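Spelled out from the first residue to the last, the chains are:
Protein chains: 2
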Amino acid sequence: MPVIVQDAETGDVLMLAYMNEEAYQKTLETGKATYWSRSRQKLWMKGESSGNVQEVKAIYIDCDEDTILLKVHQVGGAACHTGHRSCFYRKMDGQGAFREIEPPIFDPKEVYK
Amino acid sequence: MPVIVQDAETGDVLMLAYMNEEAYQKTLETGKATYWSRSRQKLWMKGESSGNVQEVKAIYIDCDEDTILLKVHQVGGAACHTGHRSCFYRKMDGQGAFREIEPPIFDPKEVYK
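For the record, the sequence lines run as chains G and D. Quick note: the first sequence uses my numbering, first residue -10, plus one each step. Quick note: the second sequence uses my numbering, first residue -10, plus one each step.
It should be emphasised that the hints constitute simulated quantities derived from the structure, not laboratory data. Quantities reported herein were computed from a predicted structural model and do not represent experimental measurements. Ideal Cβ placement from N, Cα and C applies to all residues, glycine included. Where hints are given, some of them may not hold.
Said to hold, decoys possible - Counterexamples of contact, computed for chain D against chain G with all Cβ distances above 10 Å:
(1) -9
(2) 8
(3) 29
(4) 41
(5) 56
(6) 80
Claimed, not checked - Taking lysine-lysine pairs in the DSBU-like style, the calculated list, with each CA pair at most 30 Å apart, reads:
(7) G:21 / G:98
(8) G:21 / D:98
(9) G:80 / D:46
(10) G:31 / D:80
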């Protein structure tokens, strides 16, 4: 099930992730966002490598009950593995090209060793 | 490709939808959000029945280039076919139950005839 992750303080959309039943239960138990990695085919607690965990502040379900919205406190301020605050750090400009709109907060090389 | 739709004015997450290449091109051409309906297997311009179209204000792409974020002006104020402002109108309470947090803005029976 897709999970939209939104910063509880700023309202910024941080990322889209996925949960299976186990990830969902783990998230409820721990209060820290845990997802299902489709590429690695395993559970991952967001921030387990970087320390940038997501403390869950609120959980919403959509009309069709097939998408979750999490409002989180993003520890460290950055959700993206690139070091950016949000995974959506590129915006389409007037010419139809995606341009980086803000610099990374951390250097991924320093964080993921 | 999943598309997170956010209200450009309030920052509220309105819905999650999907686009294929054709829907994406249509959205760029018209400036009105057009999605691919997975259940009906066809293109739909959001608001084609209700009049509640979504005027695209900004388009973002995520780090993996597999999710889009749209910031939109939601005509009519409500994105959800239930008449709610957002599809995420149910929030988990302290007992783990999802509760409606706000009433619908319109009556679906009046809008979808």
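Structure-based check of each hint:
1. -9: 6 Å, violated
2. 8: Non-interface label stands for residue 8 of chain D: nearest chain G Cβ at 13 Å, farther than 10 Å.
3. 29: 13 Å, holds
4. 41: Residue 41 of chain D clear of chain G: closest Cβ-Cβ about 14 Å, beyond 10 Å.
5. 56: The assertion about residue 56 of chain D is violated, with a minimum of 4 Å to chain G.
6. 80: 5 Å, violated
7. G:21 / G:98: The given pair, whose Cα atoms are some 24 Å apart, holds under the 30 Å limit.
8. G:21 / D:98: This hinted pair is violated, its Cα atoms lying about 40 Å apart.
9. G:80 / D:46: Holds - the C-alpha atoms of residue 46 of chain D and residue 80 of chain G are around 11 Å apart, at most 30 Å.
10. G:31 / D:80: Roughly 27 Å between the alpha carbons, so the hint for residue 31 of chain G and residue 80 of chain D holds.
When each numbered hint is compared with the structure, violations occur for hints 1, 5, 6 and 8.
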